[in-house]
Structure formats: structure tokens, C-alpha cells
Amino acid sequence: MTNEMRALTKAHPREGLWLQTAPVPEIGPDDVLIRVRKTGICGTDIHIWNWDEWAQKTVPVPLITGHEFAGEIVELGRNVDGLDLGQRCSGEGHLIGRKSRQSRAGKFHLDPETRGIGVNEQGAFAQFLRLPAFNVVPLPDEISDDIGAILDPLGNAVHTALSFDLVGEDVLITGAGPIGIMAAAVARHAGARNVVITDVNQHRLDLAAKVADVTPVNVASDDLEDVKARLHIKQGFDVGLEMSGNQVALDQMVEAMVMGGRIALLGIPPGKSPVDWSRIVFKAITLKGIYGREIFETWYKMIAMLQNGLDVSGVITHRFDAADFAEGFATMKSGQSGKVVLDWDNI
1 MTNEMRALTK AHPREGLWLQ TAPVPEIGPD DVLIRVRKTG ICGTDIHIWN
51 WDEWAQKTVP VPLITGHEFA GEIVELGRNV DGLDLGQRCS GEGHLIGRKS
101 RQSRAGKFHL DPETRGIGVN EQGAFAQFLR LPAFNVVPLP DEISDDIGAI
151 LDPLGNAVHT ALSFDLVGED VLITGAGPIG IMAAAVARHA GARNVVITDV
201 NQHRLDLAAK VADVTPVNVA SDDLEDVKAR LHIKQGFDVG LEMSGNQVAL
251 DQMVEAMVMG GRIALLGIPP GKSPVDWSRI VFKAITLKGI YGREIFETWY
301 KMIAMLQNGL DVSGVITHRF DAADFAEGFA TMKSGQSGKV VLDWDNI
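Quick note on this note's numbering: the sequence shown kicks off at 1 and runs consecutively.
The set of hints was computed from the structure by calculation and includes no laboratory data.
All C-beta atoms in this analysis are idealised placements derived from N, C-alpha and C, irrespective of residue type, glycine included.
Don't take each hint at face value.
With a straight-line Cα cutoff of 25 Å, these simulated SDA-like cross-link-like pairs (lysine to any residue) come out [unchecked claim]: (1) K301 to K272; (2) K283 to K333; (3) K210 to T317; (4) K57 to I268; (5) K288 to M259; (6) K228 to G260; (7) K210 to Q235; (8) K272 to H232; (9) K99 to A133; (10) K57 to Q20; (11) K99 to T114; (12) K333 to D52; (13) K301 to K283; (14) K99 to K283; (15) K333 to V61; (16) K288 to R188; (17) K283 to I268.
Here are the computed distance ranges between Cβ atoms for each label pair [as the list claims (entries may be wrong)]: (18) E142 to W18: 34 to 40 Å; (19) S313 to G168: 25 to 31 Å; (20) D345 to D251: 42 to 48 Å; (21) E113 to D345: 31 to 37 Å; (22) A323 to D223: 43 to 49 Å; (23) Q202 to A229: 18 to 24 Å; (24) M259 to S313: 50 to 56 Å; (25) P60 to K107: 44 to 50 Å; (26) S221 to S144: 34 to 40 Å; (27) D345 to G116: 24 to 30 Å; (28) N308 to K234: 31 to 37 Å; (29) T21 to K333: 48 to 54 Å; (30) L287 to N346: 44 to 50 Å.
Make the full structure from the sequences, and use the hints.
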């Protein structure tokens, strides 16, 4: 095997990414080497491309970026068992420590020492990726490489949507980005009665209606109260999934919730936001912050749902060769897309 590979690198502390030659990673005794086939572009990757304030504080330069991937194992560390050469896989991009109380209790997603591939450590926008064998998630034959490449964000959607019991409930989702759309599909698959998704981007609302059995609402032109009446939602929504990071959307969600409603928060506001805590208190709202995926329970559940009829394939709207990454990023930044997948086979 060659000692060099092509990789998409944050090579300079300014806007953009650069396709460069890099050494193939050397694996340790507990690692595997993965030949990357497909990768998804994430909102985090957009922040890194833009080199915004968060990226400047977080991302070391130079760094191979990217953390959504599917590929196959081409090398095994000497201590690795239970995995095979040629095995198709995706993987958990959060690299955990083993010393914290949370990690030792098996609550790996809460480990404060977590580091992210493509954010803090060398990532998956490359022909090869080194990953601890612990983090590898084998892909069943029913799951394509395209879907395997977006299991990471699907996991965010599943973690958020399954935070509360959804059977027979009326669910409000704010933010029709790809994760919000996938959360809507998960909510319907899990037994929600009504799923309403709001945004001001009509293109993404139209995509949501194609991907899942949901009611899309453009809050720039439609009244959410009218929608509630049409759906015979008498008191309010039982469960809210906040995916937008928009303060106005959160305020609207709180007002639309039933007394004692439950809200899971995945969206990240830009900076500090004013919150009307009195409304949350007097409505007895439960708030739960969501970070990443429950390792590995979320992976188990989303793969099981995909095998049992959950279909999120429509959320992938664009595919590009990795060499055309700039076009892929421009498409993602336009707001006129769902998920964008890059193909690394012909780089």
C-alpha cells in the first residue's frame, strides 16, 4: 500500500480548505486503518471552512477535517479482535477518555475528555483514516456507503428525537436542516401522532415533506396556531425538538408547548441568548441538552430502525467526487441542499 494519500486539510488559518498530499496514518495496536469511501459534509465542517470565531478557538492548524464517513477496514492493530479486513464500517467520531466518572460508568457520550476527529484530531476527509477499534461501527449489508456516511448526523437526530417518549404524541421540530428533517422521520417512525417542522427556508421545508410524513410550516408566512387548529392539537405540542439554534424559534416553541411539555435542544445559538425563564418555569417545561450520540446505544437503535423501514435516503440531495469538494461546500452553504456526500474512490 502507498505511504501517501490525498486529504482535505485546514492548511492555513483563513477561509477555505485545501486538497493536499499527506502521509497515510500509522495505526497503533488498538487501532484500525479505514479506507474511506464516502464522507458527508457537516455544519461543523462549514464553520471550519469559514474559519469563524469558534473554529479559530477550537481547530489546530494544519488538520485533516471531516468526521462523517463510511469505508472499509484495510489494516488491523495487533490487539484488535472482533473485526475483519475488508469489513465495511462507519464509526463514532468522538474519541473518549477512560478516566472520568462518566466514562467509567459507561456514559461515554458525557466524557469531559472527549476529542473529535476532524475537529481536534486528524479526520476523515482523506483516503485513509486511523480510528480506535473501540469506535468502529460495522455496517450491515442493507446500509449503503452513502447512508453509512451520514450515520453520524442521523445519530444526532435519533439521540434528540428519542430523548422522550413519542408514541401518540404531537411533536414540534424547529429547524428543517438535514438533522431536523431526519429527526422528523425518526419521530414518525417511532410512533408520533403529528410531526410539525418549522423553518423560513421553503426549499428545506419542501425537502422535509419529501423525506418524511410531516407537516412543514414556513413561519415567515404561516401561523403556527392555525396549523395546530387544523391538526386538532387542542392544548399544545407534547414534545419539542429544537434543531435551529435560533432564539426566536425557541421562544415560539415554548409558547406552542402543552403545560408540562418536554423540549430536547440540539441547535446551538450563536453566543449568548436572552431566555424568558419565567415562561419555561410557569409552563413546567422540561429542557434537555443534547450532545452527539449516546455511545453506542444510539448507533444500535438507528441501525435497527434503518433495517426496519426507516428511510432517510432522500435527505442526501447532492453527490460530488472529493476532488470537487469546493462545489460541494458551496452547495451546502447555499441553503439549497440537504446532505452533501463526497466520493473518495476516484480521487
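Do the hints match the structure? See the list:
| no. | hint | result |
| --- | --- | --- |
| 1 | K301 to K272 | 33 Å, violated |
| 2 | K283 to K333 | 37 Å, violated |
| 3 | K210 to T317 | 11 Å, holds |
| 4 | K57 to I268 | 16 Å, holds |
| 5 | K288 to M259 | 16 Å, holds |
| 6 | K228 to G260 | 18 Å, holds |
| 7 | K210 to Q235 | 28 Å, violated |
| 8 | K272 to H232 | 36 Å, violated |
| 9 | K99 to A133 | 18 Å, holds |
| 10 | K57 to Q20 | 23 Å, holds |
| 11 | K99 to T114 | 11 Å, holds |
| 12 | K333 to D52 | 14 Å, holds |
| 13 | K301 to K283 | 32 Å, violated |
| 14 | K99 to K283 | 39 Å, violated |
| 15 | K333 to V61 | 22 Å, holds |
| 16 | K288 to R188 | 20 Å, holds |
| 17 | K283 to I268 | 23 Å, holds |
| 18 | E142 to W18: 34 to 40 Å | 36 Å, holds |
| 19 | S313 to G168: 25 to 31 Å | 27 Å, holds |
| 20 | D345 to D251: 42 to 48 Å | 46 Å, holds |
| 21 | E113 to D345: 31 to 37 Å | 35 Å, holds |
| 22 | A323 to D223: 43 to 49 Å | 47 Å, holds |
| 23 | Q202 to A229: 18 to 24 Å | 22 Å, holds |
| 24 | M259 to S313: 50 to 56 Å | 38 Å, violated |
| 25 | P60 to K107: 44 to 50 Å | 27 Å, violated |
| 26 | S221 to S144: 34 to 40 Å | 37 Å, holds |
| 27 | D345 to G116: 24 to 30 Å | 25 Å, holds |
| 28 | N308 to K234: 31 to 37 Å | 32 Å, holds |
| 29 | T21 to K333: 48 to 54 Å | 26 Å, violated |
| 30 | L287 to N346: 44 to 50 Å | 46 Å, holds |
Taken one by one, the earlier hints fail for this structure at numbers 1, 2, 7, 8, 13, 14, 24, 25, 29, listed in ascending order.
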